[in-house]
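J.: In case you want the letters, here they are:
Number of protein chains: 2
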Amino acid sequence: MREAYHDQLGELADQLASMCAMVGDAMEQATKALLDADLAVAERVISGDAKIDDARAKCEEDAYSLLALQAPVATDLRTVLSVIHAAESLERMGDLALHVAKAARRRHPAAVLPEEVRGYFSEMGRIAVDLARKAQEVIRTQDVELARRLDDEDDAMDDLHRHLFSVIMDKEWTHGVPSAVDITLLGRFYERFGDHAVSVAKRTVFVVTGRMPGYASGGDDL
Amino acid sequence: MREAYHDQLGELADQLASMCAMVGDAMEQATKALLDADLAVAERVISGDAKIDDARAKCEEDAYSLLALQAPVATDLRTVLSVIHAAESLERMGDLALHVAKAARRRHPAAVLPEEVRGYFSEMGRIAVDLARKAQEVIRTQDVELARRLDDEDDAMDDLHRHLFSVIMDKEWTHGVPSAVDITLLGRFYERFGDHAVSVAKRTVFVVTGRMPGYASGGDDL
Numbered sequence: 091m092r093e094a095y096h097d098q099l100g101e102l103a104d105q106l107a108s109m110c111a112m113v114g115d116a117m118e119q120a121t122k123a124l125l126d127a128d129l130a131v132a133e134r135v136i137s138g139d140a141k142i143d144d145a146r147a148k149c150e151e152d153a154y155s156l157l158a159l160q161a162p163v164a165t166d167l168r169t170v171l172s173v174i175h176a177a178e179s180l181e182r183m184g185d186l187a188l189h190v191a192k193a194a195r196r197r198h199p200a201a202v203l204p205e206e207v208r209g210y211f212s213e214m215g216r217i218a219v220d221l222a223r224k225a226q227e228v229i230r231t232q233d234v235e236l237a238r239r240l241d242d243e244d245d246a247m248d249d250l251h252r253h254l255f256s257v258i259m260d261k262e263w264t265h266g267v268p269s270a271v272d273i274t275l276l277g278r279f280y281e282r283f284g285d286h287a288v289s290v291a292k293r294t295v296f297v298v299t300g301r302m303p304g305y306a307s308g309g310d311d312l
Numbered sequence: 091m092r093e094a095y096h097d098q099l100g101e102l103a104d105q106l107a108s109m110c111a112m113v114g115d116a117m118e119q120a121t122k123a124l125l126d127a128d129l130a131v132a133e134r135v136i137s138g139d140a141k142i143d144d145a146r147a148k149c150e151e152d153a154y155s156l157l158a159l160q161a162p163v164a165t166d167l168r169t170v171l172s173v174i175h176a177a178e179s180l181e182r183m184g185d186l187a188l189h190v191a192k193a194a195r196r197r198h199p200a201a202v203l204p205e206e207v208r209g210y211f212s213e214m215g216r217i218a219v220d221l222a223r224k225a226q227e228v229i230r231t232q233d234v235e236l237a238r239r240l241d242d243e244d245d246a247m248d249d250l251h252r253h254l255f256s257v258i259m260d261k262e263w264t265h266g267v268p269s270a271v272d273i274t275l276l277g278r279f280y281e282r283f284g285d286h287a288v289s290v291a292k293r294t295v296f297v298v299t300g301r302m303p304g305y306a307s308g309g310d311d312l
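Read top to bottom, the protein sequences are chains E and H.
Quick note: the first sequence uses the numbering used here, first residue 91, plus one each step.
Quick note: the second sequence uses the numbering used here, first residue 91, plus one each step.
Bound conformation, chain E alone:
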């Protein structure tokens, strides 16, 4: 019974890790579509989102089966519930990558981003993808220290996000309101993606240590 439980739990962790890879790739491609105004890449991200939704549905179903068949208690129960929460965050990360790709498609063949802010999105994209991949590593290794470092990296994302606002709100901004609106929403998509990646890693730490570091929904202060 215990062995079957641990096998199934390991299987769930593999599914979560694979979802991290999927959403990291989706955000990497979405950022490329955004920076290069590449419609084909945007379309691939958009059509690929259903696979992430399916992966979440399967992960949730398997977690439900495990709960129903093994009826775990105490820490084991919390572990399985953490998997369900993490899968929800990961699906949401996929949605956010989808939103970025849709923004690229909506403005195509025009570029969404004026030159002044390209660097910000290039860097926020890099951090977002890195956060997803590090969350994957935390799931695989259960490395509590690495999970803590994700918080620092997410702080860098939040700093970029704040600076981005100062750029578009500056008197020198010549690209008008529609562009500022696009950038405001896009900035928020990256920032929320980072928050969810941190939340996934924190849930894994919780599973390892039995204590939730800080609170999972933090960072979203705007």
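Among these hints, one or two may not hold up.
Because identical chains cannot be distinguished in the list, a pair is counted as satisfied if it fits within a single copy or across any two copies.
Said to hold, decoys possible - SDA-like mimics (lysine to any residue), calculated; alpha carbons at most 25 Å apart, straight line:
no., residue 1, residue 2
1, Lys148, Gly100
2, Lys148, Ile174
3, Lys148, Thr165
4, Lys192, Leu275
5, Lys148, Glu178
6, Lys141, Glu178
7, Lys192, Asp241
8, Lys261, Arg195
9, Lys261, His198
10, Lys261, Pro199
11, Lys192, Lys261
12, Lys122, His265
13, Lys148, His175
14, Lys148, Val163
15, Lys192, Leu250
16, Lys148, Leu167
17, Lys261, Glu205
18, Lys261, Pro204
19, Lys192, Phe255
Since the hints were derived computationally from the structure, they do not count as laboratory data.
As the structure is a prediction and not an experimental result, all values here were calculated from the model.
Given chain E's structure and the hints, the job is docking chain H onto it.
T.: Just chain H now, kept in the frame of chain E:
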């Protein structure tokens, strides 16, 4: 055992219903703070958010206890998991009301909203509060038809949200980029609040019918 289970489940439903009332009130007050540039009201919403977070933590803890003690299976298991998901959505709705209140505080004593968009926010606020209260009613009555009607009301919210963008992106817009950025984010907070309210109601329908109507994260298409 079954009776204890149903008592505890009824207790969880009461907690969810009470959270609906709390987040509905928070959004009502936050909208008032926004429309009237009322700092005292904004501060009350901001300091009141901790109570919503606590209510979610208690609801989740009680749901965990119920799972651990009663080890429900099949529909019963899904019901308890739906409660956990709904509580998460409700906490997030509280966060979104908090963001609205913080926007009002950030610009005080200036008003955040130019005259042209006040009507939009007044109406989006009304719908948001109504959605939270109807979600509460769905939890209390398990009225599947009412849950379906929430979807239509949320469509009205999405329409307002889209029109709002056409107002701020119009060439006649004279309030500049900073104001457009505030309005973009605020519009999104209301729209997401509505999505979560619908998701809470849908989870309740799921509990009653055993089938999830559509998909819980829908509507967030921008």
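J.: Against this structure, judge whether each hint is valid.
T.: Here is how each hint holds up against the structure:
Taking the shortest alpha-carbon separations for Lys148 and Gly100, only the intra-copy value of 15 Å comes in at or below 25 Å, while the best inter-copy value is 29 Å. For a Cα distance limit of 25 Å, the shortest separation of Lys148 from Ile174 qualifies both inside one copy, at 11 Å, and across copies, at 18 Å. Proximity of Lys148 to Thr165 under the C-alpha cut-off of 25 Å is found in both arrangements, the shortest distances being 23 Å within a copy and 18 Å between copies. Within a single copy, Lys192 and Leu275 get their C-alpha atoms as close as 12 Å, and across copies as close as 18 Å, so both meet the 25 Å cut-off.
In this assembly of identical chains, Lys148 and Glu178 lie within 25 Å of each other by CA distance both inside one copy and across copies; the values are 12 Å within and 20 Å between. With identical chains, the CA atoms of Lys141 and Glu178 are at most 25 Å apart both within one copy (14 Å) and between copies (24 Å). Proximity of Lys192 and Asp241 under a CA criterion of 25 Å is satisfied inter-copy only: 23 Å between copies versus 28 Å inside one chain copy. In the homo-oligomer, the alpha carbons of Lys261 and Arg195 lie at most 25 Å apart only across protomers (23 Å), although the nearest pairing inside one protomer, at 29 Å, exceeds that limit.
For the homomeric pair Lys261 and His198, the shortest alpha-carbon distance between copies (21 Å) is at most 25 Å, but the shortest distance inside one copy (27 Å) is not. Taking the closest pair of Cα atoms, Lys261 and Pro199 come within 25 Å of each other only across two copies (22 Å); inside a single copy the shortest separation is 27 Å, beyond that limit. In this homomeric assembly, Lys192 and Lys261 come within 25 Å of each other (Cα to Cα) only across copies, at 24 Å, whereas the closest approach inside a single copy is 29 Å. When the C-alpha separation of Lys122 and His265 is checked against a cutoff of 25 Å, the pair qualifies only within one copy, where the shortest distance is 21 Å, while the shortest distance between copies is 33 Å.
With identical chains, the CA atoms of Lys148 and His175 are at most 25 Å apart both within one copy (13 Å) and between copies (17 Å). When the C-alpha separation of Lys148 and Val163 is checked against a cutoff of 25 Å, the pair qualifies both within a copy, at 22 Å, and between copies, at 18 Å. Taking the shortest alpha-carbon separations for Lys192 and Leu250, both the intra-copy value of 22 Å and the inter-copy value of 20 Å come in at or below 25 Å. For the homomeric pair Lys148 and Leu167, the shortest alpha-carbon distances inside one copy (19 Å) and between copies (17 Å) are both at most 25 Å.
Taking identical chains as interchangeable, the C-alpha atoms of Lys261 and Glu205 lie at most 25 Å apart whether they share a chain (16 Å) or sit on different chains (22 Å). When the C-alpha separation of Lys261 and Pro204 is checked against a cutoff of 25 Å, the pair qualifies both within a copy, at 15 Å, and between copies, at 19 Å. In this assembly of identical chains, Lys192 and Phe255 lie within 25 Å of each other by CA distance both inside one copy and across copies; the values are 21 Å within and 16 Å between.
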